[in-house]
Amino acid sequence: MDFTLKIWRQENRKAKGRFETYKISNISPDCSFLEMLDILNESLVNKLSHPVCFDNDCREGICGMCGMYINGHPHGPDKGVTTCQLYMRKFTDGETITIEPWRARPFPIIRDLIVDRTALDKIIQEGGYVSATTGGVPDGNAILISKHKADEAMDSASCIGCGACVAACKNASAMLFVSAKVSQLALLPQGKPEAAIRVQNMVAKMDDLGFGNCTNTYACEAECPKQIKRSNIARMNREFICAKVASEESTKR
Amino acid sequence: MKLIQFASITKKIALASFGLFLLLFLPVHLGINLCLLREDGGEWYRNASHFMGTNYIVKVFEIVLIACVLLHIVVAILLTIENFMARPVRYKVKTKTKTPFMSRYMIWTGGIVACFLVLHFINFYFVKLDIVEGKYSANIEKVDKVFQEKAMKLQSGELNEKDQAALMAQYQAISQITPEKMDNSKKNMVNLTKEEVETYCGKDFKYAEPDFYTMSQELFAKNSYSFIYILVFLVLGFHLYHAINSLAQTFGLSHKKYSPVIEWVSVIYAVVVPIGFAIIPLWIMFVK
Chain A
-14 MDFTLKIWRQ ENRKAKGRFE TYKISNISPD CSFLEMLDIL NESLVNKLSH PVCFDNDCRE
46 GICGMCGMYI NGHPHGPDKG VTTCQLYMRK FTDGETITIE PWRARPFPII RDLIVDRTAL
106 DKIIQEGGYV SATTGGVPDG NAILISKHKA DEAMDSASCI GCGACVAACK NASAMLFVSA
166 KVSQLALLPQ GKPEAAIRVQ NMVAKMDDLG FGNCTNTYAC EAECPKQIKR SNIARMNREF
226 ICAKVASEES TKR
Chain B
15 MKLIQFASIT KKIALASFGL FLLLFLPVHL GINLCLLRED GGEWYRNASH FMGTNYIVKV
75 FEIVLIACVL LHIVVAILLT IENFMARPVR YKVKTKTKTP FMSRYMIWTG GIVACFLVLH
135 FINFYFVKLD IVEGKYSANI EKVDKVFQEK AMKLQSGELN EKDQAALMAQ YQAISQITPE
195 KMDNSKKNMV NLTKEEVETY CGKDFKYAEP DFYTMSQELF AKNSYSFIYI LVFLVLGFHL
255 YHAINSLAQT FGLSHKKYSP VIEWVSVIYA VVVPIGFAII PLWIMFVK
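As given, the protein sequences belong to chains A and B, one line each in that order. For reference, each letter of the first sequence is one residue, going -14 to 238 in the numbering used here. For reference, each letter of the second sequence is one residue, going 15 to 302 in the numbering used here.
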């Protein structure tokens, strides 16, 4: 397969970026998108020019490192997959593919297609965990959890924090990410003791970092490679309202 | 960048709450408007608008309603600006993500409805607030009664010269209330302009009120107005469809059993209410 690639190139955070056009040919339909970029980069290196920089790590769709905005879709046109799991057979021969980095105020560009997603880590640092004290390993059946709740928590926990929700949202809102993280803990008894303060702190951090507000357009849900559901956002809203109304704990500034 | 210093979810809830009040008010307004369909010369409609214009509880709600309209608009605009600023560099390729059509254009459908609301306020609400001149009607019996009371004062010599002159002028004017000014459809009512109300009854006269019936009939007689009216309610339908769904999501009401019900309520409300409003000009155009 042959493709024309229009790729965003930007030297560093402050430099002015531009689109560069590359022709690439003889690509196997079974080639993954990142492998296709590897082939492009090899040819660029052979020509002694700088390869296209992009994030990637596990290449099996579980780490959340890869991520680029391909032809108007975060992670490309395929459903429920990350960029590394996107295959070139999803494109038509001779197609022009435009590749852009995630665009959001809290995601500054590091180079080319690599953006700094530390903002998501900062939100997690505000309470996306369960404070554990040391001691003996608790018995597996000491706390009973219904299968339904456990499954729901597992679904929420499958968020890999890639930032596609932010990239897809017309407001660059991180609500799906934050809500998945809030939900996975709020659904389980272990997360309950800190639930009220957690949701307030994480939302406050999300707002401070400059993410947009959610307008319930659900582009995040449509593009999430892990198919995190919008009901997580509703749950976070519910948790937030309950925390604000009922809890005496509140975010300290 | 934050234009309103509250948590994003708080802002969402505020916007939804203001909208919820407007959602609840719409059927009330629709109920009054549907009185126009009765062939009673506007009796029900006038009674309803009289109630809405004079009842003290309604007056309190009126202030809340106007506040909700303004806050809903202002918060929506500020949030849209905030949201736009959250992505300083836009994508070159426009998003191809499939999202519910209505949800993407809430600010635009809302903007169209808000523009119509300005027109609607000029046509009706500002007349009530005495900012814009409209049509008025007065109860001739009550005009008479006020006049008689003043005449009594004249006889007992309580009035000074200036008031006497005013009363004489009023007497002259009342005698000019011609039969064609009488509203046959409603007993004892006369249709008047603001100037006439003042000359006949004095500025402090309480029994003249804006004649919304005549005013609405005149507006719907214009096909261009009716066309705009129907179009705006079509747009409002789009706005409302996303509104109820979105409201439930914002308040955290998401449940496997009830969410489909909310979805249906959303659709039914978004279809029934705008159709209810749009029926009125259609009725006047094609049936009457």
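In case anyone wonders, no lab produced these hints; they're calculated from the structure. Idealized CB from N, CA, C, for every residue including glycine. Keep in mind that a hint or two might mislead.
[Said to hold, decoys possible] Derived DSS-like pairs (lysine-lysine); straight-line CA-CA distance at most 30 angstroms: (1) B:K16 <-> A:K(-1); (2) B:K16 <-> B:K159; (3) B:K271 <-> A:K(-1); (4) B:K112 <-> A:K229; (5) A:K229 <-> B:K110; (6) A:K134 <-> B:K271; (7) B:K112 <-> A:K75; (8) A:K75 <-> B:K110.
[Stated by the list, open to error] A short, non-exhaustive set of chain A residues, derived as facing chain B with CB atoms under 8 angstroms: (9) D(-13); (10) F(-12); (11) K32; (12) H35; (13) C38; (14) P174; (15) Q175; (16) A204; (17) E208; (18) Q212; (19) R215; (20) I218; (21) I226.
[Said to hold, decoys possible] Just a sample of chain A residues kept apart from chain B, beta carbon distances all over 12 angstroms, derived: (22) I9; (23) L25; (24) S34; (25) G46; (26) G49; (27) H58; (28) P62; (29) T83; (30) R88; (31) I94; (32) Y114; (33) A117; (34) G121; (35) K132; (36) L194; (37) A207.
Hints, verified against the model:
1. B:K16 <-> A:K(-1): The hint holds at about 23 angstroms.
2. B:K16 <-> B:K159: Status violated; Cα separation ~60 angstroms.
3. B:K271 <-> A:K(-1): Distance ~50 angstroms between B:K271 and A:K(-1) Cα, so the pair is violated.
4. B:K112 <-> A:K229: Judged against 30 angstroms, a Cα distance of about 34 angstroms means the pair is violated.
5. A:K229 <-> B:K110: violated (37 angstroms)
6. A:K134 <-> B:K271: holds (16 angstroms)
7. B:K112 <-> A:K75: Answer holds: B:K112 to A:K75 is near 17 angstroms, not above 30 angstroms.
8. A:K75 <-> B:K110: holds (15 angstroms)
9. D(-13): violated (20 angstroms)
10. F(-12): Nearest chain B Cβ about 15 angstroms off; hint violated.
11. K32: violated (25 angstroms)
12. H35: violated (21 angstroms)
13. C38: With a minimum Cβ separation of about 17 angstroms from chain B (threshold 8 angstroms), the hint on A:C38 is violated.
14. P174: Status violated, d = 20 angstroms.
15. Q175: This interface hint is violated because 22 angstroms lies over the 8 angstroms limit.
16. A204: holds (4 angstroms)
17. E208: holds (5 angstroms)
18. Q212: For A:Q212, the interface hint is violated, since the closest Cβ of chain B sits about 14 angstroms away, which is over 8 angstroms.
19. R215: holds (7 angstroms)
20. I218: Holds. Min distance 7 angstroms.
21. I226: With a minimum Cβ separation of about 6 angstroms from chain B (threshold 8 angstroms), the hint on A:I226 holds.
22. I9: At roughly 18 angstroms from the nearest Cβ of chain B, A:I9 sits farther out than 12 angstroms, so the non-interface label holds.
23. L25: For A:L25, whose nearest Cβ neighbour in chain B is about 19 angstroms away, the distance exceeds 12 angstroms, so it holds.
24. S34: holds (22 angstroms)
25. G46: Since the minimum Cβ distance to chain B is about 19 angstroms, A:G46 lies beyond 12 angstroms and the statement holds.
26. G49: Check passes; 19 angstroms lies beyond 12 angstroms.
27. H58: violated (6 angstroms)
28. P62: Violated: least Cβ distance 7 angstroms, not greater than 12 angstroms.
29. T83: About 5 angstroms separates A:T83 from the closest Cβ of chain B, which leaves it inside 12 angstroms; violated.
30. R88: Since the minimum Cβ distance to chain B is about 5 angstroms, A:R88 lies within 12 angstroms and the statement is violated.
31. I94: Check fails; 9 angstroms does not lie beyond 12 angstroms.
32. Y114: holds (21 angstroms)
33. A117: With a cut-off of 12 angstroms, A:A117 remains clear of chain B, as the shortest Cβ separation is near 28 angstroms.
34. G121: holds (37 angstroms)
35. K132: At roughly 15 angstroms from the nearest Cβ of chain B, A:K132 sits farther out than 12 angstroms, so the non-interface label holds.
36. L194: violated (10 angstroms)
37. A207: violated (5 angstroms)
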